[in-house]
Structure formats: structure tokens, C-alpha cells
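Chemist: Protein sequence lines, in the order shown, are assigned to chains A and B. Under the numbering used here, residues 13 to 378 are what the first sequence spells out, in order. Under the numbering used here, residues 1070 to 1268 are what the second sequence spells out, in order.
Check before you lean on any hint, since a few could be wrong.
Not the full set, but computed from the structure, chain B residues with beta-carbon under 8 Å of chain A [as the list claims (entries may be wrong)]:
no.	residue
1	L1181
2	S1182
3	P1183
4	A1221
5	S1248
6	D1249
7	E1251
Where chain B lies over chain A, by a calculated footprint (3+ residues, C-beta under 8 Å) [as the list claims (entries may be wrong)]:
no.	region
8	166-173
9	177-190
Worth flagging that the hints you see were computed from the coordinates, not collected in a lab. The model shown is predicted, which means the values in this text are computed figures rather than measured ones. Each residue gets a CB set at the ideal place from its N, CA and C atoms; glycine is no exception.
Here is how the chains run, residue by residue.
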Amino acid sequence: MFIKTVKGSNFRNLSAFDLEFAPGKNLFLGINGSGKTNLLEAIHYLCIGRSMRSVAEDEQMIGFTREWFRLEGQAQTTEGDINVEAAYNKEEKRLKINGELQQKLSELIGRMPVISLSQEDDDLCKAGPGVRRRFMDLAISQFSKTYLADLQDYNRILKQRNHLLYAIKEGRSNAGSLEAWNQQLVECGMKLVRKRMEVIDDLKEMAGSRYVGVSGGRERLGLRYHLSYKYEPGQPIEEAFAKALATGFEFERRRGITMFGPHRDDMEISLAGMRIRQFGSQGQQRTAAIALKLAVAEIMAAQLKEKPVILLDEIFAELDSQRAGLLIRQLDPECQVFIASAHENDITRQDGFKKFRVEDGRIVQE
Amino acid sequence: MHYGSEILSRTIDELMKLPGIGRKTAQRLAFYLLKSSQEDAVALANAIVELKEKVRFCVQCFNASENDLCTICRDVKREPALICVVEETNDLLAIEKTSEFHGLYHVLQGHLSPLDGIGPDDLRIRELMQRLEKTEVREMIIATNPNAEGEATALYLMKLVKPLGIKVTRIARGLPVGSDLEFSDEVTLSRALTGRQEM
């Protein structure tokens, strides 16, 4: 799919804009703080109803001293043209698809697949497991509505179970009904675990070859799903999960919170058999993160039969021009790409880029 | 808030205590009542008073009733060995509309929800257990809602009742009748697939 036009008002620092994009490569040029990342964010928001930044509340996206923001975009997909309108006024978020008001924001998910690469991705290899869980959940949700629904169910069950554990800890409740929540947590949690493992299997192959492609090196990138409880090889996972809940009750009761399950699992990333979080260099971590994101784009394209839009935010900043060139060559040429960058470089100077200059929130097509 | 009348603002405050009624709806209802005929308003007021005076819960199944036993529990044509457990009276009414069920009910008056501080002791579960001990029950059908809370309630009851040697069943969930496969959403369809049955 590709995005044809995007209109916006009161979005972050951007002045009202109405832009027409190229189906291929688009470049946003501007100094730091000019608003080029905000423009990428607007595109991301239209695609899945939320920002690509991990810490971004809707409220923060409203321009300074304004009361609301509004975005509208048109895209061409394999299922025909789609028009999306998103608006937020500090009280409610409204989403319209082809003029029809949607009750659920999740209606948008999967129709306009998007993947974003930025320096924040380095956290995938550096930061705690929460970042990697978020990465898996967001990626899989975009191509599996069943996964998204299971994830929402799981979070509901988890919230209820945590409240019960806390009430038990405080002596306000006994543990009589805990088993009923355990059963559901295991049943629903296993759906998430199975899907994540399945996706990681695919991801491993693709990310591995992407890593080689971008780094030019030979190290093998490894991915492994890591459960948050003890697991003997060959044992059914649901059994291990249920056992962890049963034997870990005292531990959970003292904390008043659920300590085992997919909300505490992790995805281990390794390079040549060594954990990248501890042993990887800055460059290796960055390249691995890029490889993972590109692999996700590939899986999404295959699953959805729809090429995702790719957003690249200052991704060249720490890459030498050789690696940057390799990165660009790794991108699926059929994907629409949006690149935000402070400078032109050897790559962007080539033909085929539609260029926009961003200055103090004003966007001008070159 | 100032409405120019103490009685009007009191009416609005009272209406707002009802579930699903916010200030705006309460205002609309209050002004509607103010403009409606004397008879209509009095009829409503009387119905509410009589409701509280004369209607209570059936001592056996906790359905709404004007007598100790509700009309369903008193109906001799119904099969007492078959009990359908529901969360609320509304669910009972929905099943009654099908005319397919000829047993008796048990209304739990809620579901397990630690978030709202509702545990087994806050539901009519103790009464259900006493009832199962006193009467011969062949099958208990659990018809709680197919969401996290309804499912937890069902699992909890299952664990409690199974050891008594009573057959426990759960209502099926899946595709809505009369719909075409191609038009049903992915989530419903994939869950219907998971819950498939052998023919």
C-alpha cells in the first residue's frame, strides 16, 4: 500500500499541512527540532492510531496552546482506496474509516501496515524485556487480529488476577477463586506464547539474513523466546506455566502481583551465540535492531498481502555511508518509504526522492 | 449545579444514581418528566414505590418475584433436575425468550470481579450449593457471559460442583446463526474454529 496524501492541523509543532507523497521514496529534511519526526509520527498515527514513540500520550500531540488535533490521510491498498481521519480533543479520540465512525480503534489495525525505524530501536537490544515484548506485541497485532484480541483478553484477566492477589495480600480476600483466574491466565496466555514463538521462528531466518545484508559481516543473529518460569525441555509449556503459578503462589502473594506469564517473558537476541545485550557493540546492537525491524516488515507483507509503509527517523546518523547504502538496498523496493534526516547524503542525493523541507513546523515541498 | 429549583435539582441527582445515566441524560429525563402529563409521572412514581414494596427475589433462584417463589420455580411443568446458572435476571429473560429451556434457573446476581471487589461470597453461590444438596439435580448448565469475568465464574462453579457428581455443562459460543462465514470477523471465526465439535 502507499499513502497518497496527509492533511493535519494542530499536530505537535506542525503548521496546518496538506501534502501529496510519492509512492516510492519521500524525504523530510530539517534541522533538529524542526518537526520532521513529528511528520513521521502523524503518518504512523494515521496508520495504526498511535505514535511510534514509546512514551507519547495523545495529549502531548496537541499543538502548544491548542485544544485538539486532527489528521486525515488517503492511501491506496490492495483492497482499494482507504480514507482515515483521526482526531483527539483531550476528551475523546475519534477515528473514521471511509467516513464511518469506528467504535474500536483496533479496526484500523492491519489495514495500513507500518513499521518505523529510529534510534529508539537501539533499546530493543539494550533495554529491559518490556521493550522487546512491546515490539513483539505491536508487530504481531498488526497482522493478526486474533492475537490482538487474545492480548486484550489476557490483559483483562491479568488485571483481575492482580487485583485478587493484592486483596489476598491485604487480607481482604481468600484464595478460593484464584484457581479460576489461573486457568484462564494459562489458557489465554498460551495462545500468546504459541503465536510469539511461531513468529520468532520466522523472524530468526529473515532477521539473520537482513543482519548479514546490512552489516556486510558474517555473524549469526539468533533469537530465542525466553519464558518467565522454569521449563524442562520436552515438557508441555502450559504445564510448566500452570506449575509456576501453583508453586509460586507464596511468592506472588507476598508481592501482590502476577510474576509469571507472557507479560514477563522475553525475547533473547544473540550474536554468534553471545547475548547481544551484554556483549554486543553499539554498532552491532543498532544493526541487529534494524535487521529485526526489516524482518518484521517482511513478515507483515507476507501475512497481510500488503506491503507496509516504512518510516526511517534519523537512521543514518550513526551509520557510515557504506552501511547506510547497504540499509537502503535492504528495503523492499515496492515499499513506500519516508525518511527524516538532518542532512542530505550520498544516498538521498540520488534521484527518486520526493523532498520536503521542514522548518519551524512549516513544511514545503522542494 | 443550579437549576432554579431545589426539587428539580434533587430529581436530577436521584436520576444520576441510576446505571448508565450521566448528568446530561438525567437533565433530559427530568425535563421530560416536568413536561409530561400528571398521570404519566404519577404512574411512574407509583410503579417505583410498588416495585420496592412488592417485588423481591425468589428465595430459590433469586429471579425477581412478587411471591416467595417466582413464577418459573412454581411452574410444575418445568423440570427441577435441570438448572441453568446465569449472571443476572436479564440473562434469564433472554433465555426464556427462546422457549427452548424447560428447567429452572439460578441467578447469581453478578460475576466474579476482583477489580470491583466482588468475590464468591458476594454472589448467590452459597445458596446454589445448598440448593444442589437439597434437591436432586441431573445437570447444571452454566450460562455466564463469554468474557473474562463470566469465564472465571464458570470455572469457579465447575470446580465446586463437579465433585458432587452432577453433570456440569457450559453453553457453546461461536458464529452467530444466519450469518455467512465470509462476513464474520476474523476473531469470532478463529475462536469458533478453536471450539469446533466432532460430528
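Chemist: Of all the hints numbered above, which does this structure not satisfy? Sort the numbers upward.
Modeler: 5, 6, 7
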